[in-house]
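Asks: Taken in order, these protein sequences are the chains called A and B. Counting from 1 along the first sequence, just add 16 to a position and that's the residue number in my numbering. Counting from 1 along the second sequence, just add 16 to a position and that's the residue number in my numbering.
FYI, nobody ran anything at the bench for these hints, they're computed from the structure. Honestly, I wouldn't trust all of these hints.
Treat identical chains as interchangeable: a pair holds within one or across any two.
[To be verified] Calculated lysine to aspartate or glutamate pairs in the EDC-like style (CA-CA distance at most 16 Å, straight line):
hint: 1; residue 1: K128; residue 2: D26
hint: 2; residue 1: K222; residue 2: D26
hint: 3; residue 1: K128; residue 2: D22
hint: 4; residue 1: K143; residue 2: D36
Spelled out, the chains give:
There are 2 protein chains.
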Amino acid sequence: MAVYTDVAADELAAYLAQYDLGDLLSYKGIAEGVENSNFLLHTSKGSFILTLYEKRVAKGDLPFFLGLMTHLAEHGIICPQPVKNRRGEALGELVGRPTAIITFLEGVWPRKPNATHCAGVGGALAKMHLAGRDFAMSRENALSVAGWRPLFDAAASRADEVQPGLRDFLAAELDHLESGVWPTNLPDGVIHADLFPDNAFFLGDKLSGIIDFTFACHDILAYDVAICLNAWCFEADHSFNVTKARAFLSAYGKERKLSEAEQDALPLLARGAAIRFLLTRLVDWLNVPPGALVRPKDPLEYVRKLRFHQSVRSVRDYGLAAGLVA
Amino acid sequence: MAVYTDVAADELAAYLAQYDLGDLLSYKGIAEGVENSNFLLHTSKGSFILTLYEKRVAKGDLPFFLGLMTHLAEHGIICPQPVKNRRGEALGELVGRPTAIITFLEGVWPRKPNATHCAGVGGALAKMHLAGRDFAMSRENALSVAGWRPLFDAAASRADEVQPGLRDFLAAELDHLESGVWPTNLPDGVIHADLFPDNAFFLGDKLSGIIDFTFACHDILAYDVAICLNAWCFEADHSFNVTKARAFLSAYGKERKLSEAEQDALPLLARGAAIRFLLTRLVDWLNVPPGALVRPKDPLEYVRKLRFHQSVRSVRDYGLAAGLVA
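Throw the hints in and build the complete structure from the sequences for me.
Replies: Shown next as structure tokens:
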């Protein structure tokens, strides 16, 4: 949950006066997103989300995120749309923070995703990858393989406080992933990079849109697939659900076929995705600021997931049936 | 901010199926209220607030709160309305918590109240007092004079950690308020008991409604006035703003005249109101649970306010001009 910065009604009304959004009726700080302060606005023109970007988000990246949402919507992907002010700008400033208003997307995110949800998100991810192909802007993934060592260094000395042996476990895995095995010639493009269940909205069983592009970047497309395997296909007890994975991968493959090279790389990419979330969660876990209003997520969930991916022998262990995808 | 209990989409949809509220479109945990978990719902029938009452609220009190909102609305007070399910019940259960749905009230609460806001809330408070006269249910005020000593006892041994000398200051004030000076024959009735700025909504300068009746009870009406003097008429630096107090009291008096006895009692009632919020804040301050997502409010703000009220000689110090109120 996150509301780091409150906004006074008169400040907000003055800000909204730059937009053609009608009168402010109400605004509520909402408990979604952990990086920024988000408010649900009601105006006489409808519902909108107001986001104040806090310091963890680089201001220079905001045009990429906002431009991507516009581009994707123009290519048939349902996602929030940046609202431009009367000067045609999508980015403003409020309470000293870079600020944007986006359209409000109805839908609920699945707290307990089932195979139908996994299929929905698989299809949407593939369509997003296709729609992103001709997006002109680019943003490097700061949290891909080259970004993990600094996170490890920041957390290593205290990793064993969280679980005995964790430091050595992470060091060995990082050594392996940095040993030249990470793929360099797989299809790349715009990836969401954070398509967890709380970023996929459904109405009934039907996906109604995807949100939160604040980690979107340019990287290996199959790495995004690997992130979703981690995010959607494990049970609450951290066991892998092959039915959900099959539903996810099959739906993805119907929109965009995974090449044989991508399939072969999937177990390794899934290990990378697991260590990426393990490391950021570990750093957050060890660095909860005093008075924090955000409860950090458990890094150990990803130790279990990483161990699973280490045990995978081929993409068939993810439930991929021959002929469905490649 | 408060979302203590999350609700899964399918659980919520099943709960909503008992109501005639159409289809669930979205729900967001909102950062308002510190006692309960609140969600803003969008359904095909409109916007609603879903509240899961957490353990600090006694389940037996809920019919009083919900009945009061219905009663007040029937008497012209704009406040949220409980939505009844198809069996005619306003109270249900979700995730093991007593749960209610109320209508969503548009409006924004003033982060920096001005004299116009104070006048708006003064008029609304008086109208609420009049509208509550024939409300049949009753609820004792657990946080009136008899309720303060237990709070003091719970916090006394550690009070000086918060401010040196605080224990003796509170003990002396409590001794005074318990010495038989507390009024017993002033007009009583239903009071809001927590009408702080975040519980009063405005559209522009006009009050659009009052919310959050979870402290409402039966007590001295002028005590509610005294609570508002504390809540609305001090600046951020804790100085008393007599212009705001005059606006508040004058607007109250236009709807319901304060008797001479009520006016005379106001300084004492204001001391009582100040120590009530001082003590509950102090207890919360000293008892932040590990992992709490709520930042406790500063009790020392009310030490300053209490000292001010101790220095008041008569109601004229609150800006009350002769003839306007009594």
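Asks: All the hints need checking, so say for each whether the structure fits it.
Replies: A quick look at each hint next to the structure:
For the identical chains of this complex, K128 and D26 are inter-copy neighbours only, at 9 Å across copies versus 40 Å inside a copy, given an alpha-carbon limit of 16 Å. For the homomeric pair K222 and D26, the shortest alpha-carbon distance between copies (13 Å) is at most 16 Å, but the shortest distance inside one copy (39 Å) is not. Taking the shortest Cα distances, K128 and D22 sit within 16 Å of each other only across copies (12 Å), while inside one copy they are farther apart (31 Å). Neither within a single protomer nor between protomers do K143 and D36 lie at most 16 Å apart by alpha-carbon distance, with minima of 31 Å and 36 Å respectively.
Going down the numbered hints, you'll see the structure goes against just number 4.
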